[in-house]
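Visitor: Residues per chain are reported as follows:
There are 2 protein chains.
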Amino acid sequence: MKVIIPVSPINSLKTRLSEFLSSEERKNLLLNMLRDIKKALEGLDVVVVSRDDEILDFAKYELKAEIVKEKYKGLNNAIKQAFDEIDDEEVIIIPADIPLIKKKHIEDILKLSKDYDLIIASSRGGGTNLLYLKSKNLIELRYEGFSFLKHLEEAEKRNLRYYIYDSFLISVDINTPEDLGEIFIHGDNTYTKNYLKGLGIEVEPKHSSAGRFVVKRR
Amino acid sequence: MKVIIPVSPINSLKTRLSEFLSSEERKNLLLNMLRDIKKALEGLDVVVVSRDDEILDFAKYELKAEIVKEKYKGLNNAIKQAFDEIDDEEVIIIPADIPLIKKKHIEDILKLSKDYDLIIASSRGGGTNLLYLKSKNLIELRYEGFSFLKHLEEAEKRNLRYYIYDSFLISVDINTPEDLGEIFIHGDNTYTKNYLKGLGIEVEPKHSSAGRFVVKRR
Chain C
158 MKVIIPVSPI NSLKTRLSEF LSSEERKNLL LNMLRDIKKA LEGLDVVVVS
208 RDDEILDFAK YELKAEIVKE KYKGLNNAIK QAFDEIDDEE VIIIPADIPL
258 IKKKHIEDIL KLSKDYDLII ASSRGGGTNL LYLKSKNLIE LRYEGFSFLK
308 HLEEAEKRNL RYYIYDSFLI SVDINTPEDL GEIFIHGDNT YTKNYLKGLG
358 IEVEPKHSSA GRFVVKRR
Chain D
158 MKVIIPVSPI NSLKTRLSEF LSSEERKNLL LNMLRDIKKA LEGLDVVVVS
208 RDDEILDFAK YELKAEIVKE KYKGLNNAIK QAFDEIDDEE VIIIPADIPL
258 IKKKHIEDIL KLSKDYDLII ASSRGGGTNL LYLKSKNLIE LRYEGFSFLK
308 HLEEAEKRNL RYYIYDSFLI SVDINTPEDL GEIFIHGDNT YTKNYLKGLG
358 IEVEPKHSSA GRFVVKRR
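The listed protein sequences correspond, in order, to chains C and D.
Residues 158 to 375 (our numbering) make up the first sequence, in order.
Residues 158 to 375 (our numbering) make up the second sequence, in order.
For reference, chain C alone in the conformation it holds in the complex (with noise of 0.2 Å):
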């Protein structure tokens, strides 16, 4: 088995994060949580795919994992390439972008796989968080837009065994400020925590409809 993270390139990252954070500190935000994501894989192989050669070498270097240069454009292009390099069949593709993911986590996914073909995990937004499938091929891959709905198409097409496996904090990538907040409260002991606590972030509680959070900087 190999887990599969897909990585975009600092440059065009997290853009929406670009009123709140320099493009120096959006990338080694970046780089903290891949190794937030490392630790919760502890034991398990590593494959980043990335056209970055900064990201690219980090991840060769700093998570010991293996790596594939992108050759197209897309997310599905890039994931599917890196099926291409890898000889393992049973694959776990994860976001770059979900540090509060926990080895925990993982433990239930590879219990869980003893017995579906298919595990998928939702992000806010309808989109795939984590996708366990038994073997590589068994459905095309639908990232973008509603893309858990998608996968479960695929899914339900082919018959397969599924499970939906059900976390919060899977479900939270980071995108926007608001979504920093997110891990001010549950983020206790992430690399990513710090990072942004040394940078002098701080989150408050709000309830309107611009969002649930007033995240400041000092």
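Heads up, a few of these hints could be off.
No copy labels: a pair is met if it fits in one copy or bridges any two.
To be verified - Calculated pairs, DSS-like style, for lysine-lysine (alpha carbon to alpha carbon, straight line, at most 25 Å):
#	residue 1	residue 2
1	K228	K196
2	K230	K363
3	K354	K226
4	K271	K261
None of these hints come from the bench; they were simulated from the model.
Assemble the complex: chain C is given as a structure, and chain D must be docked to it using the hints.
Guide: Below, chain D alone, put in the same frame as chain C:
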């Protein structure tokens, strides 16, 4: 054991949804969410606390719940009043706006309750969307604000055996049009989704700092 559901008055209800749903529709949304929650609680005794007679009538006659007419201001006081009016020690407290909760979650909580004094599941934004207490006066209730952290603090202070129950579906509370999006993704076979569909509401994916969904009404 009793499950306590505090419910705000209908006229103060979900004002953040008011651009999108009329007052009558927001009321019906609430009643449908309560129907979904009641389904998840099948077989358990439910107590609805509210100052609103229409809600209390619905709770009594349709949900077959015990009812408590709220006398004091504030969510914590409403729950404490319910504590006073029941004989049971063991309680689960859940809000009225988490229609994606499932029977499976409650079964998990009941199993875990053998080993823990306090079980908590967070909302998005650091609130508390499920709280199990082995004995109702074990902690000081501290709803409002980042109550998830405050309740954990209470548990630590008193050396309770506590468990953080990680569920995306429980984390989804319905406060904004954006939140309705999650119902469309995850709410198949719920009263709530069926009701919203009947109103001509539709949801599309979006990825911007303004949110993850485009929620429209035909």
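Visitor: Does the structure break any of the earlier hints, and which numbers would those be?
Guide: 1 and 3
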